[in-house]
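Line order of the protein sequences matches chains A and B.
Heads up: the first sequence at position 306 corresponds to 350 in our numbering, and the numbers run straight through without jumps.
Heads up: the second sequence at position 519 corresponds to 530 in our numbering, and the numbers run straight through without jumps.
Don't read these hints as lab results, they were simulated from the structure.
Ideal Cβ positions, reconstructed from N, Cα and C, are used throughout, including at glycine.
Only true hints are included.
Label-pair distances were calculated between CB atoms; the ranges are: (1) 407/B - 84/A: 33 to 39 Å; (2) 407/B - 50/A: 28 to 34 Å; (3) 259/A - 415/B: 57 to 63 Å; (4) 407/B - 158/A: 31 to 37 Å; (5) 502/B - 84/A: 48 to 54 Å; (6) 60/A - 542/B: 21 to 27 Å; (7) 509/B - 65/A: 49 to 55 Å.
Examples of chain B residues lying across from chain A (beta carbon under 10 Å, computed): (8) 289; (9) 303; (10) 390; (11) 396; (12) 544.
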Amino acid sequence: MDNAISVAGLHKSFGHVKALDGLSLTVQSGEVLGFLGPNGSGKSTTIRVLLGLLHADAGEVRLLGGDPWRDIAELHRRLAYVPGDVNLWPNLSGGEVIDLLGRLRGGLDERRRAELLDRFDLDPTKKGRQYSKGNRQKVAIVAALASDVDLLILDEPTSGLDPLMEATFQTAIREERDRGRTVLLSSHILAEVEALCDRVCIIRDGRDVETGTLGDLRHLTRTSILAELAEPPTGFADSATIHDVIHGLAVEGTRIRFDVDTSALDDVLTRLTAFGVRSLTSQPPTLEELFLRHYDKSPEDQSPEPEGMR
Amino acid sequence: MSDRRANPLVGTRSLIRLALRRDRVTVPVWIVILGLIPSSAAGAYDTLYPTMAERADLTGSIGANPSVAVLYGPGFDLSTAGGFTAWRFGGFLALLTGLMAVFTVTRHTRAEEDSGRAELVASTAVGRFASLTAAIAVAAGASVAIGLVETVALLATDQPVTGSVALGLSTAAAGIVFTAIAALACQLAEYSRTANGIGSAVLGAAFLIRAVGDSSTGGRWISWLSPLGWAQQTRPFAGERWWVFVLPVVTALAVGAVAYGVLRHRDLGIGVLPPRPGPARAAARLASPFALAWRLQRGALIGWCVGTVVSGAVFGSIANGVGDLLGDSEQSRDMFERLGGSGNLIDAFLGTIAGTFGMVVSLYGVQAVLRMRSEETTLRVEPLLATRVRRRQWAASHLLFAFGGAALILIAGGAAIGLTHGLRTADVGGGIAEMIGATAAQIPATWLIVAVGVALFGFVPRWSLVAWAVAAFALLIGMFGPVVDAPQAVLDLSPFGHIPKLPGGDVTAAPFAVLAALGAVVLGAGLVAFRRRDIG
Numbered sequence: 045m046d047n048a049i050s051v052a053g054l055h056k057s058f059g060h061v062k063a064l065d066g067l068s069l070t071v072q073s074g075e076v077l078g079f080l081g082p083n084g085s086g087k088s089t090t091i092r093v094l095l096g097l098l099h100a101d102a103g104e105v106r107l108l109g110g111d112p113w114r115d116i117a118e119l120h121r122r123l124a125y126v127p128g129d130v131n132l133w134p135n136l137s138g139g140e141v142i143d144l145l146g147r148l149r150g151g152l153d154e155r156r157r158a159e160l161l162d163r164f165d166l167d168p169t170k171k172g173r174q175y176s177k178g179n180r181q182k183v184a185i186v187a188a189l190a191s192d193v194d195l196l197i198l199d200e201p202t203s204g205l206d207p208l209m210e211a212t213f214q215t216a217i218r219e220e221r222d223r224g225r226t227v228l229l230s231s232h233i234l235a236e237v238e239a240l241c242d243r244v245c246i247i248r249d250g251r252d253v254e255t256g257t258l259g260d261l262r263h264l265t266r267t268s269i270l271a272e273l274a275e276p277p278t279g280f281a282d283s284a285t286i287h288d289v290i291h292g293l294a295v296e297g298t299r300i301r302f303d304v305d306t307s308a309l310d311d312v313l314t315r316l317t318a319f320g321v322r323s324l325t326s327q328p329p330t331l332e333e334l335f336l337r338h339y340d341k342s343p344e345d346q347s348p349e350p351e352g353m354r
Numbered sequence: 012m013s014d015r016r017a018n019p020l021v022g023t024r025s026l027i028r029l030a031l032r033r034d035r036v037t038v039p040v041w042i043v044i045l046g047l048i049p050s051s052a053a054g055a056y057d058t059l060y061p062t063m064a065e066r067a068d069l070t071g072s073i074g075a076n077p078s079v080a081v082l083y084g085p086g087f088d089l090s091t092a093g094g095f096t097a098w099r100f101g102g103f104l105a106l107l108t109g110l111m112a113v114f115t116v117t118r119h120t121r122a123e124e125d126s127g128r129a130e131l132v133a134s135t136a137v138g139r140f141a142s143l144t145a146a147i148a149v150a151a152g153a154s155v156a157i158g159l160v161e162t163v164a165l166l167a168t169d170q171p172v173t174g175s176v177a178l179g180l181s182t183a184a185a186g187i188v189f190t191a192i193a194a195l196a197c198q199l200a201e202y203s204r205t206a207n208g209i210g211s212a213v214l215g216a217a218f219l220i221r222a223v224g225d226s227s228t229g230g231r232w233i234s235w236l237s238p239l240g241w242a243q244q245t246r247p248f249a250g251e252r253w254w255v256f257v258l259p260v261v262t263a264l265a266v267g268a269v270a271y272g273v274l275r276h277r278d279l280g281i282g283v284l285p286p287r288p289g290p291a292r293a294a295a296r297l298a299s300p301f302a303l304a305w306r307l308q309r310g311a312l313i314g315w316c317v318g319t320v321v322s323g324a325v326f327g328s329i330a331n332g333v334g335d336l337l338g339d340s341e342q343s344r345d346m347f348e349r350l351g352g353s354g355n356l357i358d359a360f361l362g363t364i365a366g367t368f369g370m371v372v373s374l375y376g377v378q379a380v381l382r383m384r385s386e387e388t389t390l391r392v393e394p395l396l397a398t399r400v401r402r403r404q405w406a407a408s409h410l411l412f413a414f415g416g417a418a419l420i421l422i423a424g425g426a427a428i429g430l431t432h433g434l435r436t437a438d439v440g441g442g443i444a445e446m447i448g449a450t451a452a453q454i455p456a457t458w459l460i461v462a463v464g465v466a467l468f469g470f471v472p473r474w475s476l477v478a479w480a481v482a483a484f485a486l487l488i489g490m491f492g493p494v495v496d497a498p499q500a501v502l503d504l505s506p507f508g509h510i511p512k513l514p515g516g517d518v519t520a521a522p523f524a525v526l527a528a529l530g531a532v533v534l535g536a537g538l539v540a541f542r543r544r545d546i547g
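Turn these sequences into a full structure, and let the hints guide you.
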């Protein structure tokens with residue numbers, strides 16, 4: 045399958061601030077890629093480079109087979125963009141903005157426009173600041189989804205949407221995927237990414253730190269184990285193979301609690317059964333946990349991690 | 012209800028500090044430049060008019076000329092440096108200080124609401140009136156500071172104390188009146204741009220009312236309807252009339268009270284007039300960057316056209332009076348020549364008006380160019396440039412209004428001057444042709460200023476607002492440079508100084524060609540830089 049987006053070794057600095065520091069990113073045609081990262085990690089900068097709004101300092105960027113900086117007008121016919129921070133012109137109504145953006149992209153699907161307005165419960169006759177943040181966001185979402193394009197670039201599109209609209213949005217994105225459209229979905233709402241995305245790319249400090257399917261990534265995370273044993277687990281963690289893969293071990297008589305690298309789950313459970321397991325509670329890894337493991341640390345104790353993760 | 016119990020002014024002091032922090036460059040620049048103008052003019056008076064005979068003659072000649080009074084107001088006593096300065100600059104200082112007040116109040120109230128930042132501030136522990144009060148305090152404080160610098164600088168050049176104090180106070184009072192007017196405009200307008208438009212329109216009307224009053228023999232009372240007229244009627248250095256200061260004070264208090272009354276009942280972010288719903292579908296023609304630019308720029312363009320045509324008609328209708336009253340006084344001719352006119356007095360007067368139009372319309376052009384920057388900083392341009400609209404198309408759609416609009420306004424203004432002047436001289440066709448020629452001659456110079464704005468936007472977008480300073484600099488040189496006896500090298504910096512004086516002057520192609528070529532180069536370089544730079 046060819047790639048809708050491929051980025052390698054992307055660098056971008058603003059003055060002394062390094063926004064992107066060797067980012068790589070691949071979006072395959074027809075997939076929904078979740079682009080995850082905390083505030084200020086470089087998601088929007090990456091998207092602005094992909095849109096040809098920013099000029100990369102270094103690196104390879106291909107978008108729909110073209111150069112986003114040079115071939116801007118041809119490429120933009122084939123993509124639609126929803127910014128994370130939607131500002132509308134104060135003297136234009138929402139309906140006018142939807143029509144204008146659609147026409148500038150090369151045309152709107154009238155039926156889809158009407159259907160989306162209805163589904164998102166959006167009043168197109170209000171103007172500019174009369175819309176709430178969520179409704180401004182909806183104007184941009186409807187304008188993008190009603191356009192006939194190959195690629196959707198969505199930068200935190202649901203910030204400000206209520207849970208009901210979030211569900212509507214997820215349904216709409218699934219429909220887009222079923223029609224064969226490619227979606228780059230930048231987000232920090234993990235449930236949304238888990239629900240929608242085929243693959244996930246996690247970035248931190250302007251660099252991709254993790255990419256793969258949700259299954260792949262879960263494999264790299266830790267599972268929490270709480271067990272009631274027949275006898276105290278004396279010497280359970282003495283062997284190096286066990287010691288290196290479990291974390292936060294707490295033993296209280298015959299109760300044991302620890303986190304285990306999911307890849308070593310089999311070995312650890314085998315060893316645990318030697319003490320006679322009476323009851324066992326395990327918590328499966330969530331994307332949230334994965335996310336927190338990448339971000340909930342200061343850069344110093346982050347450094348040995350890449351070896352451990354590979 | 013709650014504001015009866017809670018103090019509605021809580022947090023004002025913090026907001027004043029915030030406003031001063033944001034204005035730490037703009038406000039001091041206004042204060043220093045406006046504050047120092049009168050003393051520098053007073054200093055040049057002795058050089059310009061060295062003999063007592065010349066000085067004594069001034070009041071009776073140009074001081075009494077209604078056509079001159081259109082621009083500068085009545086000359087009460089021009090035989091002293093102070094009196095001459097007050098006449099020559101008093102009105103403009105009041106006008107420019109009023110402009111500063113309008114922009115300052117809007118920037119810290121409605122513009123903040125438009126950006127959404129006001130909500131953030133309003134959600135903290137600040138009272139309902141804190142934001143408006145802080146804006147008023149800063150604008151009124153800056154007005155007083157301008158007056159104070161004027162007074163101190165005049166005293167430093169050994170001008171009489173009473174006159175120096177009166178001139179400073181007259182400027183400060185005008186600034187305070189327009190602070191109150193802007194405060195009210197901010198409550199009525201739907202957006203900050205409208206608020207600035209209302210404030211500027213009131214200023215323009217105040218200038219025109221005063222101009223009409225001062226130039227008509229039977230209708231001098233009309234000037235008393237204008238806050239700018241009051242500034243001059245305090246008669247600094249010419250038998251000060253302190254009671255006149257009652258008028259601005261009472262007006263400011265009354266208008267300010269209405270503003271607070273409206274604010275009490277107004278929702279944040281919305282004007283008093285209820286917002287009307289817009290169309291659910293866009294008109295078929297709203298399908299190009301140009302169509303969007305028209306929607307965004309048309310209000311300013313129409314407003315400027317109307318303002319220029321009205322003032323052009325007023326100036327044109329009184330031009331013929333210059334000759335009637337003065338004959339060929341050497342003094343007046345000398346003065347108009349210093350201002351940029353030449354030949355006979357009527358031509359000199361018309362030439363001065365045409366030149367002033369050129370300089371003032373460059374402010375429109377700068378405003379139209381800077382619209383691109385505000386589209387960029389509000390992130391509204393990003394979704395547009397993410398469609399198949401190219402950067403150069405988008406820039407062209409706005410620059411059409413900046414350059415074409417400026418030319419259109421100048422031609423319309425020239426036609427209006429020519430029409431009313433032509434009606435007086437019974438040569439409408441000739442008058443219109445002549446005056447369109449005179450204002451159209453300014454276009455290359457106006458365009459050069461606008462092009463500098465484009466270059467700033469292209470090369471150093473963060474410094475785009477410096478374009479205002481460039482336009483203001485040309486305006487200051489053109490209006491005040493000759494009177495303060497500025498060196499020729501400084502006068503030559505303004506592109507308007509190189510335009511032949513029309514009507515009446517000799518037209519050669521060279522200055523137009525040079526200015527146009529320079530403008531094209533600057534514009535082209537700016538556009539190339541814009542295409543290559545980062546957006547945002």
